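There are 2 protein chains.
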Amino acid sequence: MATTSREIRLKSRPAGLPEAANFELATVELPEPGAGEVLVRNAWMSVDPYMRGRMYDRPSYVPPFELGQPLQGGAVGRVVKSNDPRFQPGEWVESLNGWREAYVAAGAALNKLPSDGAPPQAFLGVLGMPGMTAYTSFHRIGEPKAGDTVFVSGAAGAVGSAVCQIAKIRGCTVVASAGSDAKLAWLKSVGVDAVVNYKKGDLLKQVREAAPKGVDIYFDNVGGEHLEVALEVARPFARFIECGMISIYNTAEPQPGPRNMAYIVGKRIKMQGFIVSDFMDMREQFHADMGQWVREGKIKWEETVETGIENAPKAFLNLFTGANTGKMLVKLD
Amino acid sequence: MATTSREIRLKSRPAGLPEAANFELATVELPEPGAGEVLVRNAWMSVDPYMRGRMYDRPSYVPPFELGQPLQGGAVGRVVKSNDPRFQPGEWVESLNGWREAYVAAGAALNKLPSDGAPPQAFLGVLGMPGMTAYTSFHRIGEPKAGDTVFVSGAAGAVGSAVCQIAKIRGCTVVASAGSDAKLAWLKSVGVDAVVNYKKGDLLKQVREAAPKGVDIYFDNVGGEHLEVALEVARPFARFIECGMISIYNTAEPQPGPRNMAYIVGKRIKMQGFIVSDFMDMREQFHADMGQWVREGKIKWEETVETGIENAPKAFLNLFTGANTGKMLVKLD
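Protein chains in written order, with this note's numbering: chain H, 1 to 333; chain F, 334 to 666.
Calculated directly from the structure, the hints in this document are not laboratory data.
All values reported here derive from a predicted model rather than from experimental measurement.
Any given hint could be a false lead.
[As the list claims (entries may be wrong)] Here are the simulated lysine to any residue pairs, SDA-like style, with alpha carbons at most 20 Å apart: (1) F:Lys603 to H:Phe237; (2) F:Lys546 to F:Gly504; (3) H:Lys205 to F:Arg391; (4) H:Lys270 to F:Ser610; (5) F:Lys600 to H:Asn250; (6) H:Lys199 to H:Ala323; (7) H:Lys314 to H:Thr304; (8) F:Lys664 to F:Ala451; (9) F:Lys600 to H:Gly224; (10) F:Lys603 to H:Glu143; (11) H:Lys270 to F:Ile608; (12) F:Lys600 to H:Thr304; (13) F:Lys532 to F:Gly655; (14) H:Lys168 to H:Gly201; (15) H:Lys267 to F:Lys664.
Kindly generate the complete structure, drawing on both the sequences and the hints.
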């Protein structure tokens, strides 16, 4: 009996802010799994800011999404049928075949989820790519020392909130910026020392008050004004972890950069970009530390959930309006 | 018999581009050297772009110059009288007591020049602070590999021209930018692979043609448009050595930064500022390598010389109009 799956395809490339019309819902009939292949029904899929970059038709570290083809991204689901002896029906697997309800793939392209009590969707968040993004770059680029002051922008998101809590575990003082008082209240509840609502009043003034001695590490999810403020308050030898610049992903025209770039010289700042796959050598260490911290309750997370594949574009669009606290997910079954 | 010395003092703080009226010439009578002190007559003094920063009244890595006081900077001269047994009349010493014809200082504040055949003023250039600036940062931040493409802005200056030649010694391809055809011809004569006149035509287009495969290391003396172009042509994992941003030192209003900052994330660029004293641990290695390269003729240099302490401000001002090829010096005796 044939299995059908609904999927979201890229219909047109967004010019500025993506909109619903850039996506289309389609239904496909899946083939029977062949030799070594597995049929999986997704339970959860991830939407992440980095996906915006793949909607441009330009060379980058990952190829652009193709028009008329389903989008891709992290997903967790359960095996339905398996022709790979390593996978049994009912087992949880992780893949990059998000944006669809079900799929057939080679077993070699799947990872089994550990059965350690964490909910499966946590492997799309704090125990998955966003968590590893936070963990690896904070240690490798940030070179944290106990007593450092860390400023995190986009702090209520999946990556930012993990950074805040890892920084606290490492003995740092944490200043977090987000765009709603509810998000800031949650960040306070997980141990952040000071919070800043970037939508309310002068950002530089607020950050100066929150970090009167300046900032040793800046974790950048936002770019734009946040980056300029971070340069202003940076202490000598500050490290800037350049994870993302969501404030400029959707601008049709290039935006001017910080007006205070000369501080990079005078303050001897290190500013470094990365993508999580650059730090694959830290994968084991990440799983060990983060797994332990989650079990001990030292790392907490929030989820913002949309339900149904037809709402996946909405979930993605909401990333850019600040609608999510913590990990933005789409529940598919 | 008293010794007199003429010196240049900071009369007023420049608002934008410094001008002659910001400086004044004064004559002082020097005291007899006391116990442990040495009387030195300067033969050469250095003017360097970084001195502009010390003319602002703001906290930085070195304190601001004081109004009404003589400026400071690198100088080499000969001992006239000595109450320190380590120094004999006639010996060459190096100090930070530039901008004056003669001075009395504690012997402990002086360094004897090696007598290895290099002209004394080379210790203000390729064998001194500018040479060490180039050598240490190129290796420590640039992490050069043979085959890398290196883009150097302000390449005809003291630091830039040393970087170009060190990069060639390390097996790199070097693209150099400067503002006159005479400078570019000299850079070609010392082995630079491709040159770009930033005053003639589209800088990005010229750099793309000179480095069609992109740039692995950018050595920044200039900032501004050069930095934006470097971000544009950077290859993945490029290293940006942020030595200076002379294009924005004298602007009264803050200038917008590069419009393509997001490349730092997407291309995983490392951009790092420094000052030469951060790398004092490399001092011995610098002296050994650079001394050998100079003796072997592998490193060449040019000098642009003004004569007389009264012309020191002019020499300094000329740094910002691109008048110098190689090290800008003032000959004092």
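Do the hints match the structure? See the list:
Straight-line distance between C-alpha atoms of F:Lys603 and H:Phe237 comes to about 14 Å, which keeps the hinted pair within the 20 Å bound. Under the criterion of a C-alpha separation no larger than 20 Å, the hint pairing F:Lys546 with F:Gly504 is consistent with the structure, at around 16 Å. Pair hint H:Lys205 plus F:Arg391 holds up; C-alpha atoms about 19 Å apart against a cutoff of 20 Å. Of the pairs offered as hints, the one joining H:Lys270 and F:Ser610 holds, with about 16 Å between alpha carbons and a cut-off of 20 Å not exceeded.
Between F:Lys600 and H:Asn250, the direct Cα distance comes to roughly 18 Å. Compliance with the 20 Å bound is thereby established for this hinted pair. Between the alpha carbons of H:Lys199 and H:Ala323 the distance comes to roughly 14 Å, so the proposed pair stays at or under 20 Å and holds. Under the criterion of a C-alpha separation no larger than 20 Å, the hint pairing H:Lys314 with H:Thr304 is consistent with the structure, at around 12 Å. Restraint check: the Cα-Cα separation between F:Lys664 and F:Ala451 comes to about 16 Å, which is no more than 20 Å; the hinted pair holds.
Under the criterion of a C-alpha separation no larger than 20 Å, the hint pairing F:Lys600 with H:Gly224 is consistent with the structure, at around 18 Å. Straight-line distance between C-alpha atoms of F:Lys603 and H:Glu143 comes to about 14 Å, which keeps the hinted pair within the 20 Å bound. With a C-alpha separation of about 13 Å, the suggested pair H:Lys270 and F:Ile608 falls inside the 20 Å cut-off, and the hint holds. For the hint linking F:Lys600 to H:Thr304, the alpha-carbon distance of about 30 Å lies beyond 20 Å, and the restraint is violated.
The suggested pairing of F:Lys532 with F:Gly655 holds, with an alpha-carbon distance near 11 Å, which does not exceed 20 Å. This hinted pair does not check out: H:Lys168 and H:Gly201 have alpha carbons roughly 27 Å apart, beyond 20 Å. About 33 Å separates the Cα atoms of H:Lys267 and F:Lys664, which puts this hinted pair outside 20 Å; it is violated.
The earlier numbered hints that this structure contradicts are 12, 14 and 15.
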